[in-house]
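Student: Go by the hints and put chain B onto chain A.
As they're listed, the protein sequences go chains A and B. For the first sequence, the numbering used here begins at 5 and goes up steadily by one. For the second sequence, the numbering used here begins at 438 and goes up steadily by one.
Hints may contain errors.
As the list claims (entries may be wrong) - Each pair of labels, with its calculated beta carbon distance range:
1) B:I456 x A:I116: 55 to 63 Å
2) A:K123 x B:K599: 29 to 37 Å
3) B:K599 x A:E130: 52 to 60 Å
It is worth saying that the hints were derived from the structure and are not from the lab. All figures in this text were calculated on a predicted structure; none of them were measured in a lab. For glycine and all other residues, C-beta sits at the position ideal for the given N, C-alpha and C.
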Amino acid sequence: MAIISFVLVNPKMELHDLIEQNNRLLLLMEHFNTGFTVADMTIEEICNSKGINPLLFASLCNLYNGYDKQLFEPQTIDDFNQLIDFLENSHRYYLDEMYPEIKHFIKKLSEINDTADIKMLDKFFESYFLEVKKHLEYEQKKVFPLFRLICNGGSDIPDLKKSKKISHSDIETKLADLKNLLLKHIKLVDKDGAKRKLLSAIFEFQFDLTIHSIIEDKILMPSIMKICK
Amino acid sequence: MNKIAKTKTSILICDKSMIVKEGLTVILEKYSNNNFLVDFFSEPYNVESLENELHTNTSDLVILPLDLFSNRNKEFQKLKRMFPSIHWGTIVYGFYSNEDISMYDFTIFMTDDAETIAQKIDHLVVDSGKSLSSENLTDREIEILKGLAVGKSNKQIADELKISIHTVISHRKNISEKTSIRTLQGLTVYAISKHLIDVNCI
Numbered sequence: 005m006a007i008i009s010f011v012l013v014n015p016k017m018e019l020h021d022l023i024e025q026n027n028r029l030l031l032l033m034e035h036f037n038t039g040f041t042v043a044d045m046t047i048e049e050i051c052n053s054k055g056i057n058p059l060l061f062a063s064l065c066n067l068y069n070g071y072d073k074q075l076f077e078p079q080t081i082d083d084f085n086q087l088i089d090f091l092e093n094s095h096r097y098y099l100d101e102m103y104p105e106i107k108h109f110i111k112k113l114s115e116i117n118d119t120a121d122i123k124m125l126d127k128f129f130e131s132y133f134l135e136v137k138k139h140l141e142y143e144q145k146k147v148f149p150l151f152r153l154i155c156n157g158g159s160d161i162p163d164l165k166k167s168k169k170i171s172h173s174d175i176e177t178k179l180a181d182l183k184n185l186l187l188k189h190i191k192l193v194d195k196d197g198a199k200r201k202l203l204s205a206i207f208e209f210q211f212d213l214t215i216h217s218i219i220e221d222k223i224l225m226p227s228i229m230k231i232c233k
Numbered sequence: 438m439n440k441i442a443k444t445k446t447s448i449l450i451c452d453k454s455m456i457v458k459e460g461l462t463v464i465l466e467k468y469s470n471n472n473f474l475v476d477f478f479s480e481p482y483n484v485e486s487l488e489n490e491l492h493t494n495t496s497d498l499v500i501l502p503l504d505l506f507s508n509r510n511k512e513f514q515k516l517k518r519m520f521p522s523i524h525w526g527t528i529v530y531g532f533y534s535n536e537d538i539s540m541y542d543f544t545i546f547m548t549d550d551a552e553t554i555a556q557k558i559d560h561l562v563v564d565s566g567k568s569l570s571s572e573n574l575t576d577r578e579i580e581i582l583k584g585l586a587v588g589k590s591n592k593q594i595a596d597e598l599k600i601s602i603h604t605v606i607s608h609r610k611n612i613s614e615k616t617s618i619r620t621l622q623g624l625t626v627y628a629i630s631k632h633l634i635d636v637n638c639i
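Pulled out of the complex, with its shape left as it was, chain A reads as follows:
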C-alpha cells in the first residue's frame, strides 16, 4: 500500500506538531496508551513519563509517516514487551472498533439496497473477519506468549520453525478486494454518506493493518529469530 510521506520523526520533536501534520499518529498513541493530551512535550518527554523507549516510539511514528527503510531493532526485554503490547492493543482496536464499524455501514447500505451483491459483500466480509479473528486469536494465545517467553529468556523454548507460519498476505488481499469491489464494481444507493464512511473505515483498517504486518514481519520476527539462534 502506498503511504504518503510526511516528516522524518526523531525523539526531540514535539508530538503536537507531528499530529497536526499526520493525525493518524493518534492511532499510534492509542496503541501505545500514551493518552492524547500532549501539551508542548517532545516525544522523548512523553515517552519518559510513560516508560516507553522514545526511539521505538519515533520509529513507529516514521512507519505511520510512510518511512519503512530504517526499522527499529528491539534491544531490551522492555522493547520487546512494548512492541507486543502495542500489537495487542491494535488487535483490540480491530476487534472492538473496526469490525463493528465496517459491519454497521454494510448493514446500513443493505437496508437501502435490497440487492444480491450487497448481501454477498456482507457474507464476504463476515467470512473474512472470521479469518482475521482466528488469526488474531492465534497470535494472542500462541505467538505473543511464546515471544514474551523467548525474550524473557525462558528455558523451554520451542522450535520457532515448527510453529505455524504467520501470514498476513491473505488478510490484506481480501481487504483490498473488499475495497476494490466497493470502489470499482458494486453500485449502491447511498444515504447519509454510508458508502463513504464504509470506505473510510476500510482504508483506515487497511492502513493500520499494513503497519501491523511490518512490525510483526520485519521488526519483531527477525529479532526473535536472532535471539533463538
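Tutor: Chain B in isolation, oriented as in the chain A frame:
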C-alpha cells in the same frame, strides 16, 4: 462481454505486411457494422517504439502479431497496465500456444473468413452509452469466471472447456488483473454484481 463505447473506433494495426494491413482495412470497411479510423504502425518488433507510439496515438484497439509478445507475458501485461483502456487483438500466422492467445481480447486466425474477422472486432464495439464497464473481460474469461464463481475447480473448468489447467490459471490471472479482485470469494461477489451468475447457483 465488455465493449468499447464509441461511435468511431480507432484501430492501430501493427504489422510489417502491407497485405495484412490493407486486407484488414478493406474487411472492416466492407463487413463491419461500425466506423473505424484505421492507423498503421510498421515497427512492431520493437516494443519500446510501440510503447512510444501508443503514448502519442489514442487507439481504442490495437492488433499485434502474436509472436511480438510470445513468451514475453510479463512485458505484455506491463503494457496492458500502462494502457488499460485499449483492447488488444492478435493475428496468428502459424503455431501458437493457448497461453499466448489468452492474453488478448480476440484472435484472428489465418483461416478466418472476412465476415468472421469483422464480427470478432464488432463484438468489442457497441454504441455510445451501452458500455457495460471497462474491465474488458473476454468471452473466455467470463466463462472461466462463471465457473470459478460457482465453485468449480481449475481442473473441472479445464476439462469442460477442453483447455489445459495452465491456460485456466493464465485466464484467471488476467481476470484478476482486469478487475483488481484477487480472491475467489471476491471474484464471486464481482460475478454477482455484474449479473454473470445467479446468487442461487452458489
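Student: The structure should be examined with respect to each hint, and the outcome stated for every one.
Tutor: Hint check:
Distance hint check for B:I456 and A:I116: the Cβ-Cβ separation is about 59 Å, which falls inside the suggested range of 55 to 63 Å. With their beta carbons about 35 Å apart, A:K123 and B:K599 fall inside the hinted range of 29 to 37 Å. For B:K599 and A:E130, the Cβ-Cβ distance of about 37 Å falls outside the hinted range of 52 to 60 Å, so the restraint is violated.
Violated hint for the displayed structure: number 3, the only one.
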